[in-house]
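Enquirer: Chain by chain, the residues:
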Amino acid sequence: MSQTPTLAESLHELIQYRDLLYMFTWRDIKARYKQSMMGFFWAILMPLLIVGAGVLVRIAFLMTSGNHINFSDLSSIALKSLPWAFFVSAIKFGTQSMLSNTNLVTKIYFPREVLPLAAVLASLFDTTVASSVVIVLLIFGRVGVTIYLLWVPLIVGLIILFTAALTMFLSCANVFFRDVKYLVDVLLTFGIFFTPVFYEARMIGKWAPLLLLNPLGSLLEALNNTIVRHEAPSLPWLAYAATWAILGLLAAWKIFEHAEASFAESI
Amino acid sequence: MSEIAIEFDGVWKKFKKGEIHDSLRDLIPALTRVAFSRDGHGELHEREFWALRDVSFQIRRGEAWGIVGANGAGKSTILKLLSKILRANKGAVNIHGKVSALIEVGAGFHPDLTGRENVYLNGCILGMKRQEVARKFDQIVEFAGVGDFIDTPVKRYSSGMYARLGFAVAAHVDPDILLVDEVLSVGDMQFQEKCLDRMREVVEEGTTVIFVSHNLQAVQTLCGQTLLLKTGTVSTIGPTAKILTGYLCEPSAGASSFPTLIEDISLQDVEGLPKGNFSPGEKARLNFTVHPSEQLKDCQLGLLVHRATDGLAICDYNLPLSQVAAPTSTAMATSFVAQITMNLLRGAYVVSLHVYHVPTARYIARAYKVANFFVEETVSWQGVTHLEPSLSLRQELITQVPRKHDQHYRLHL
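Chain order of the listed sequences is V and E.
Take the first sequence: its letters are residues 10 to 276, numbered as in the working numbering.
Take the second sequence: its letters are residues 139 to 551, numbered as in the working numbering.
One or more of the hints may lead you astray.
What follows is a list of derived Cβ distance ranges for each label pair [claimed, not checked]:
hint, chain 1, residue 1, chain 2, residue 2, range
1, E, Ser518, V, Asn112, 41 to 47 Å
2, E, Ser297, V, Met212, 56 to 62 Å
3, V, Ala248, E, Ser194, 30 to 36 Å
4, V, Ser271, E, Lys368, 23 to 29 Å
No more than 30 Å apart at the CA atoms, straight line, and that leaves these computed lysine-lysine pairs for DSS-like [to be verified]:
hint, chain 1, residue 1, chain 2, residue 2
5, E, Lys236, E, Lys267
6, V, Lys263, E, Lys293
7, V, Lys116, E, Lys435
8, V, Lys43, V, Lys116
9, E, Lys293, V, Lys43
By construction, these hints were calculated from the structure, which means they are not laboratory data.
Ideal Cβ placement from N, Cα and C applies to all residues, glycine included.
With the hints as constraints, model all of the structure from the sequences given.
Expert: What follows is the structure, given as structure tokens:
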């Protein structure tokens, strides 16, 4: 009887196939900018466009209320646009990762987790490139260095885990139901309104917790608190998001492992 | 390491017919089912069918096996179970050793990447480490013969170059068990030869090889054992030559719409005893009876011999029946005997017959693959025709044609 491998087994296999994960990530990065005039510059430009749009929206907000924009608002927007851009690109490429490699999925064996994870890593690479620009911006904005920056690696780690969990689940669901792709497109387009990227959660007063229920929302807020606002993140909300990220990843992986057996015949 | 490389123990595999899911409404229940249901659904549900039924076999380390069968018999399903792309519904698939599949060459190529980049990418997809690819890189490029174009994106490659590079990568993986599915049909003749040579090398190095192909001649040359599949079940397992002949000589359903006007066909030796194995140059008799619907004197008899393994036409004679048939006014059953000399080399051959009515230009009877025979000898390596070569020293020729000058050169002309 053929069994589904345990998490430990599949993790072990994933480590054995780490070269493949590297190659797929590298392929996704390399192929994305091939034959384009601007090449890697796109990796910087895309998040910058999101930042630009955010700034415009924020200025419009402030003009109606008669205030002037300050540099710390700009820093906030620039800072939060970056993980948002990462999230959007990882989910978008990751959801399609199985289908765009149908040829491989139906013909050659390798741990399928490699495909969505490579999409996440490739997006992470782009984001890292773009973050250099944002870091320069933050320095110009005199954001400053505080002890709270020690929280940043944890928060960034949780954002990556949460994105990976969602990507794995969606890529797997998309194999069985093509509806997922359209659903994801819609949610990503409008998600920015329901996630505190261009604004801050406390701006909507007592309804703020509603926005923080979105784990990405609370993670973005935490990032903004530690870097721009120089304060500790809200611990309950961080714990809430961490639970989502870790349990989500475990659950997504489990579902993925179970579904993997029928990928080749269902795709 | 155990002696057995591959073991199939009562393996069943089913597939679904028709569309699998209809709408998003099915998403949640179906995903929960996928996620939490137990594996090994032993029963057949609605809209499902068995692609493999109770397939069992064992392959020992270092053996080369062919798998043959009609389309849809389950050959590729077996390979996919072996390469872990599919999982069996019932039964056990046990594999001892590292498996690599030569299933579709170049499947992992990205068109925008260069040949060099794709070699690394495809090598890793097939289970190699990056250092391993780096070590074999020069060999791979040389084998593929794409030399100068290695830094060109593969989308600019000709389809032959593409396939050659794909095969070259796959051929250098060095697995314990190699699965090959119909990939030798790529490239020109020269490259196909090269692929076959490489496969022979792999077999000689002691790799366990499973070879699925409709090119039965290639199966014949490469594989000692062959498994014949019939609609998802194992029909027979045995020595390749025997299995292939059996497979090729079975009448294919609905192949001929002609009534059986040719009957009682038998192949005999010169003494009139039934015979199936001949030596090159041996005489044989082919007996058959024709029940014609037309006058036989207006007809020609077609006598065809094909090599069983690849369908190569050995001969296609048209013999006028007017010379032997009695000029009777009514058509009546007549028995004939055709004398044949087996000027053939070793292999399996099949005989077909037909009766052609010349005035109306149509066949009135056709009988495909009605007899088969083997030719056995141990002298030739490959080939078809027995040219009866005999070897002797040229000493006598030199004495017959005495020449004073450049005698040495004459000898070589």
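Enquirer: Each of the hints needs a verdict: does it hold here or not?
Expert: Hints and how they fare:
1. For Ser518/E and Asn112/V, the Cβ-Cβ distance of about 42 Å falls inside the hinted range of 41 to 47 Å, so the restraint holds.
2. One distance hint, 56 to 62 Å for the beta-carbon pair Ser297/E and Met212/V, holds here, with the actual separation near 59 Å.
3. Our hint of 30 to 36 Å for Ala248/V and Ser194/E is violated, since their Cβ atoms are close to 54 Å apart.
4. Taken as a hint, the range 23 to 29 Å holds for the pair Ser271/V and Lys368/E, whose Cβ atoms sit roughly 26 Å apart.
5. For the hint linking Lys236/E to Lys267/E, the alpha-carbon distance of about 14 Å falls within 30 Å, and the restraint holds.
6. Among the hinted pairs, Lys263/V with Lys293/E is inconsistent with the structure: their alpha-carbon atoms are about 38 Å apart, more than 30 Å.
7. Distance restraint check for Lys116/V and Lys435/E: the Cα-Cα separation of roughly 58 Å exceeds the 30 Å cut-off, and the hinted pair is therefore not satisfied.
8. Of the pairs offered as hints, the one joining Lys43/V and Lys116/V holds, with about 26 Å between alpha carbons and a cut-off of 30 Å not exceeded.
9. Restraint check for Lys293/E and Lys43/V: satisfied, since their Cα atoms lie roughly 12 Å apart, inside the 30 Å limit.
Of the numbered hints listed earlier, those contradicted by the structure are 3, 6 and 7.
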